[in-house]
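A.B. asks: Okay, so the sequence shown: first residue is 15 according to my numbering, each after it adds one.
None of these hints come from the bench; they were simulated from the model. Fair warning: there could be bad hints in the mix.
[To be verified] Taking CB as the label site, the calculated pair distances span:
#  : residue 1 : residue 2 : range
1  : A68       : S147      : 49 to 57 Å
2  : L76       : I250      : 40 to 48 Å
3  : K127      : P176      : 22 to 30 Å
4  : K74       : A146      : 45 to 53 Å
5  : N296      : K127      : 39 to 47 Å
6  : S147      : A292      : 44 to 52 Å
7  : H67       : S164      : 36 to 44 Å
8  : R284      : E217      : 27 to 35 Å
9  : P131      : R284      : 35 to 43 Å
10 : E80       : W150      : 12 to 20 Å
[Stated by the list, open to error] Here are the simulated lysine-lysine pairs, BS3-like style, with alpha carbons at most 30 Å apart:
#  : residue 1 : residue 2
11 : K203      : K152
12 : K293      : K63
13 : K261      : K293
14 : K293      : K203
Every residue, glycine too, gets a C-beta built ideally from N, C-alpha and C.
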Amino acid sequence: MGSIRKRTKKKPIASSSSTFLTSSVSHKVTRSTITAFHVLLRKKANITKKVQHAATDSEKSLWQKELDAVNNNISELGGLDAYQRASQLGQSKDRGGDSSRILVSWLLEMGIKKDRPLRMLEIGALRPDNYASEKWLKNTPIDLRSQHPSILEQDFFLRPLPSSEDESFDLISCSLVLNFVDDPARRGKMLQLIHEHLRPSSESLLFLVLPLPCVNNSRYLTLPVLAEIMEAIGFILVKEWWRTGGKVGYWLWRWKNKSGFGKDRGLLQRKVQQQSGAKMNNFAIVLP
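Produce the entire structure from the sequences given, and follow the hints as far as they go.
C.D. replies: Pasting the structure below:
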């Protein structure tokens with residue numbers, strides 16, 4: 015007589031929005047969810063501008079209907095909560111998406127581990143424990159829609175600027191956040207605000223992570239252009255890591271005094287086509 019197999023109750027993939035997703039969800043589904051959100055958000059940004067600049071009421075009404083349809087599509091995907099949950103899974107260590115490991119290894123390699131804890135701001139934090147094991151980092155994780163009580167719910171654009179050097183940060187992490195900002199000028203503004211939140215010292219650092227196609231497959235943004243924009247804001251490149259055909263790029267920038275503009279300021283304040291191609295994207299960063 016064969017042995018009786020005991021049936022076990024299957025556990026749900028995620029029991030609530032505060033529960034971290036498990037690796038049982040397919041990577042393909044995760045990536046498709048994130049990609050779908052990015053497409054819809056870009057579309058929403060473009061249509062919103064057309065609503066604002068419509069010449070007639072009838073034209074405005076037409077674009078408003080399109081905007082409502084896009085908002086419905088975003089809601090059907092689960093809204094921002096669903097995007098964040100997919101991003102949480104994409105960031106999981108077993109998927110190799112935890113950018114904190116790269117940042118920590120760079121800091122240790124550079125010998126940046128002082129007697130006092132480094133004050134760090136993590137923008138767009140999806141997990142509260144990315145740097146928990148690094149006692150020399152005093153991390154403040156924030157996010158627009160916090161998924162955990164230990165993550166401060168805050169819009170970085172509305173965060174008060176430091177009134178003293180004691181309120182400034184030694185290190186700011188902006189990992190896969192800038193690409194989520196829906197307007198090129200607001201992306202530039204975000205980088206300017208990051209510069210202002212850092213302690214005015216050549217030892218202060220910005221860790222920037224972007225989808226690689228934003229800089230190697232864009233009509234308007236290339237790595238040299240990104241470096242020029244960053245230098246105009248007040249950053250100099252220290253380290254970078256990416257590979258051809260990869261999904262993500264990592265850059266470490268050092269704070270410096272603003273040195274003006276290497277070229278006409280107007281060229282950095284508008285989108286200027288650098289290259290063309292049928293399969294290229296329109297990602298851009300401009301100075302406000």
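A.B. asks: Taken at face value, is the distance from the CA of K293 to the CA of K261 at most 30 Å?
C.D. replies: With Cα atoms ~16 Å apart, K261 and K293 stay inside 30 Å; holds.
A.B. asks: Confirm or reject the claim that R284 and E217 have a C-beta distance inside 27 to 35 Å.
C.D. replies: Holds, at about 34 Å.
A.B. asks: Does 40 to 48 Å hold as the CB distance between L76 and I250, or does it fail?
C.D. replies: 47 Å, holds
A.B. asks: Tell me if the straight-line CA distance from K293 to K63 falls inside 30 Å.
C.D. replies: It holds: about 24 Å lies between the C-alpha atoms, which stays within 30 Å.
A.B. asks: Do N296 and K127 keep their Cβ atoms within the hinted range of 39 to 47 Å?
C.D. replies: Because 41 Å falls inside the window, the suggested range holds.
A.B. asks: Are H67 and S164 spaced within 36 to 44 Å by their CB atoms?
C.D. replies: 42 Å, holds
A.B. asks: For the pair supplied as a hint, K293 and K203, confirm whether the alpha-carbon distance does not exceed 30 Å.
C.D. replies: Since the Cα atoms of K293 and K203 sit roughly 28 Å apart, the hinted pair holds (cutoff 30 Å).
A.B. asks: Starting from the hint 45 to 53 Å, judge whether the C-beta atoms of K74 and A146 obey it.
C.D. replies: 49 Å, holds
A.B. asks: Check the hint pairing K203 with K152 against an upper bound of 30 Å on the C-alpha distance.
C.D. replies: Roughly 25 Å between the alpha carbons, so the hint for K203 and K152 holds.
A.B. asks: Using the beta carbons of K127 and P176, state whether their distance is inside 22 to 30 Å or not.
C.D. replies: 23 Å, holds
A.B. asks: Is 35 to 43 Å a correct range for the gap between the Cβ atoms of P131 and R284?
C.D. replies: 41 Å, holds
A.B. asks: Quick check: does the Cβ-Cβ distance between A68 and S147 fall within 49 to 57 Å?
C.D. replies: Because 53 Å falls inside the window, the suggested range holds.
When held up to the earlier numbered hints, the structure conflicts with hint 10 and nothing else.
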